[in-house]
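**Student:** Spelled out, the chains give:
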Amino acid sequence: MSARGAFPISIRNAGAADLDTVVRLDRETTGIEKRAYWQEAFARHVAPPHNGRLFLVAEKDGAAVGFIVAEIRAWEFGSPPCGWVFALNVARGLREHGIASVLYDQLCARLRAAGIDTIRTMVAVTNKVNLSFFRSMGMTSGPYIELEKRIE
Amino acid sequence: MKIQKGSLLALYAALELGQEPERQLSTADIAAKYGVSAHHLAKVMRHLVRSGLIQAVRGVGGGYRFAGNPRRTTLLEVIQLFEPMESTVELAGTAGAAATPVIAELRSIAGEIDELTRAVLDTITLRTLLNAIERRAKASAPSPPRTGRARQRRPA
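Chains as they are written, first to last, in my numbering: chain F, 1 to 152; chain L, 1 to 156.
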């Protein structure tokens with residue numbers, strides 16, 4: 001069931017047949033078709049062995065309507081293992097019905113089962129939709145700061 | 001960042017009214033609950049009405065009602081009604097030549113901090129803040145007293 005009980009939602013591991021839907025959902029949000037990127041992501045996160053990689057899909061009435069992708073990352077600049085979310089998407093017309101919350105909760109449950117107690121992500125400061133969502137799930141600024149520089 | 005008194009009073013009011021958007025409350029109700037000056041809060045309420053964030057309800061049993069959507073209204077929208085969100089880096093008087101690049105670099109750093117501050121405040125909605133406050137209250141609530149049976153099990 002979606003978090004607000006609007007309609008039933010089921011969460012499952014992504015399969016190879018979900019590639020087209022994921023590419024479409026991402027394109028509808030970002031305006032860019034990134035098929036090669038998602039093919040690589042599927043090769044790493046969908047095909048076994050998973051090795052701490054999670055690619056979950058939300059299904060409504062048998063159709064994939066959202067996804068979340070994460071992996072367990074360890075010891076980057078001394079950080080103990082944590083769950084790192086790097087993609088989250090829900091079909092535009094179905095947003096604000098709690099689907100992302102169900103995906104997020106299921107992801108946390110699976111990370112917890114794998115012995116992970118911290119979840120992290122990095123989102124552009126201008127991406128208010130995703131930042132607000134992660135905030136609403138209780139996430140706050142963490143102990144790492146993103147830095148960048150244009151390479152001359 | 002120092003949250004000014006006006007912003008804090010506005011957040012008290014917005015949280016209280018946003019908790020149940022259909023409910024009407026008077027300035028006195030909110031001032032009493034948070035232990036703040038009703039006089040100062042009244043000024044803040046008028047400002048919130050002008051901004052469209054809350055509505056004044058006239059007549060018997062009147063008061064104020066939340067006019068927005070607590071799931072969409074962010075802390076930034078409330079706070080920036082009462083204070084500027086930009087840092088200032090300057091000294092009174094004319095700066096010498098050596099000061100100019102220092103001030104320019106410090107302004108750039110202050111701009112980074114301001115951008116992060118705005119990003120944080122602009123992505124926390126009133127509903128998210130209310131949920132966080134509830135979680136904090138639950139976490140700090142005293143544990144229920146042990147039952148007599150549980151005490152009996154304790155070793156002597």
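What the hints contain is simulated information worked out from the structure, not anything from laboratory work.
Quick caveat: nothing in here was measured; it's all calculated off a predicted structure.
It is possible that part of the hints are untrue.
Said to hold, decoys possible - Dumping the calculated DMTMM-like pairs for lysine to aspartate or glutamate here, alpha-carbon to alpha-carbon at most 20 Å:
| # | chain 1 | residue 1 | chain 2 | residue 2 |
| --- | --- | --- | --- | --- |
| 1 | F | K128 | L | E20 |
| 2 | F | K149 | L | E77 |
| 3 | L | K5 | L | E77 |
Unchecked claim - Label-pair restraints from in silico Cβ distances:
| # | chain 1 | residue 1 | chain 2 | residue 2 | range |
| --- | --- | --- | --- | --- | --- |
| 4 | L | K33 | F | K128 | 44 to 50 Å |
| 5 | F | G142 | L | G111 | 21 to 27 Å |
| 6 | F | T29 | L | E134 | 46 to 52 Å |
| 7 | L | A38 | F | K34 | 54 to 60 Å |
Don't be surprised by glycine CBs; every beta carbon is placed ideally from N, CA and C.
**Student:** None of the hints should be skipped; say for each whether it holds.
**Tutor:** Hint by hint, here is what the structure shows:
1. Proximity of F/K128 to L/E20 is assessed by CA-CA distance (about 24 Å); at most 20 Å being required, the pair is judged violated.
2. With a C-alpha separation of about 31 Å, the suggested pairing of F/K149 with L/E77 is violated against the 20 Å cut-off.
3. A hinted pair counts as satisfied when its Cα atoms are at most 20 Å apart, and L/K5 with L/E77 qualifies at roughly 16 Å.
4. Taking the beta carbon of each, L/K33 and F/K128 are about 31 Å apart, not inside 44 to 50 Å as hinted.
5. With their beta carbons about 22 Å apart, F/G142 and L/G111 fall inside the hinted range of 21 to 27 Å.
6. Between F/T29 and L/E134 the C-beta distance comes to about 31 Å, which lies outside the given range of 46 to 52 Å.
7. Restraint check, L/A38 to F/K34: a C-beta distance of roughly 56 Å satisfies the suggested window 54 to 60 Å.
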